[in-house]
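Trainee: The lines below spell out each chain.
There are 2 protein chains.
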Amino acid sequence: MSLQDELDALPGVTATPDDATRGFVFNHTMLRVKDIANSLDFYTRVLGFTVVRKRDFDEAAFSLYFLVRVADRSAIPADEPARGQWLLSQPGVLELTHNHGTQDDPGFAYHDGNSEPRGFGHICISVPDVEAACARFEALGVPFQKRLTDGRMKDIAFIKDPDGYWVEILQPTPRG
Amino acid sequence: MSLQDELDALPGVTATPDDATRGFVFNHTMLRVKDIANSLDFYTRVLGFTVVRKRDFDEAAFSLYFLVRVADRSAIPADEPARGQWLLSQPGVLELTHNHGTQDDPGFAYHDGNSEPRGFGHICISVPDVEAACARFEALGVPFQKRLTDGRMKDIAFIKDPDGYWVEILQPTPRG
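Residue numbers (full-length UniProt numbering), protein chains in the order written: chain Z, 1 to 176; chain P, 1 to 176.
None of these hints come from the bench; they were simulated from the model. Don't take every hint at face value.
Any copy will do: because identical chains look the same in the list, a pair fits if it lies in one copy or spans two.
Claimed, not checked - Here are the simulated lysine-lysine pairs, DSBU-like style, with alpha carbons at most 35 Å apart:
{"no.": "1", "residue 1": "154", "residue 2": "54"}
{"no.": "2", "residue 1": "160", "residue 2": "146"}
{"no.": "3", "residue 1": "34", "residue 2": "154"}
{"no.": "4", "residue 1": "146", "residue 2": "54"}
{"no.": "5", "residue 1": "54", "residue 2": "160"}
{"no.": "6", "residue 1": "34", "residue 2": "146"}
Just so you know, these numbers come straight off a predicted model, no measurement behind them.
One chain only, chain Z, in its complex shape (with noise of 0.2 Å):
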């Protein structure tokens, strides 16, 4: 028995997709945002992100910034409708919400779910070095929830983004 024969027997799993969820590609995740500015410069700045849109709200006083993490910014493509198409067809895209002038309200906080009530855990970037990565944040004063060298997982981090949200940082490959 194959391993994919094995998680495939397991209960509740269709092992043959239905022909109607051809094309259906994961395309984003998306998380609320208190201050967006603070936002945009951690997966840019720290994480390498691109933001490809924004989209504004102005009755309901929201705006959505949709940002992706690709080897080639020019495989994104220059205008619209295109560079929509694009992006709404790729996987791994963040859309970040952000509610006009919760930045300005000193008590706001959004809740990461990793306390009660608990949900939604983490998001996940994966690096070629997870130790060079890692001393890059740590230069660059990213706030840790897990280093390295934390509890038993030793190969795997977690850093914090603006609002708390924690992000696993880990390599695909063994470490050297």
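Given the structure of chain Z, go ahead and fit chain P onto it with the hints provided.
Mentor: Chain P in isolation, oriented as in the chain Z frame:
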């Protein structure tokens, strides 16, 4: 000024990604789920995901399930370690965390992030034909948070996974 230049000029944005972020990939989003069989049914049968990896932590009484939505399952390496390295290099992976036993507690529920305290909002699946996809979800009895016909935004829908997490459904291209 190009559209990208305008976005790169937003407060907080670093326009040129640091070379140190080369190879960074937005790999996955983690959600806790109460009943893993129900969740695997939803994500594999309704949305066409494939389970690529399961990790059990018996002492701490939880298991992790990694799922991808791919066009061609033959792209997934059959065996470890290639399989795990491939998985952790992909964008758009979904990680489900199951704390053992929660499925047997009638009062247990996770928080979807969309009532207080808010934070995480939703994940999104893009589909080739949003009307056909929504008609199929209706036929399958999937609960909706927002049908295409609800509210002002007629081009997007939200369905709910077994824990009540919102899953946005949209199509990248104009509707015919």
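Trainee: Is it within, between, both or neither when you check residue 160 against residue 146 at 35 Å Cα-Cα?
Mentor: both (9 Å within a copy, 31 Å between copies)
Trainee: With 35 Å as the alpha-carbon cut-off, assign the pair residue 146 and residue 54 to within, between, both or neither.
Mentor: both (32 Å within a copy, 23 Å between copies)
Trainee: Is the C-alpha distance from residue 34 to residue 154 at most 35 Å within one copy, between copies, in both cases, or in neither?
Mentor: both (32 Å within a copy, 27 Å between copies)
Trainee: Pop the pair residue 154 and residue 54 into one bin, within, between, both or neither, using alpha-carbon distances up to 35 Å.
Mentor: between (38 Å within a copy, 19 Å between copies)
Trainee: Using 35 Å as the alpha carbon limit, work out where residue 34 and residue 146 are close: within a copy, between copies, both or neither.
Mentor: both (23 Å within a copy, 25 Å between copies)
Trainee: If the cut is 35 Å between Cα atoms, do residue 54 and residue 160 qualify within a copy, between copies, both or neither?
Mentor: Both, since 23 Å and 26 Å are each at most 35 Å.
The structure shown violates none of the earlier numbered hints.
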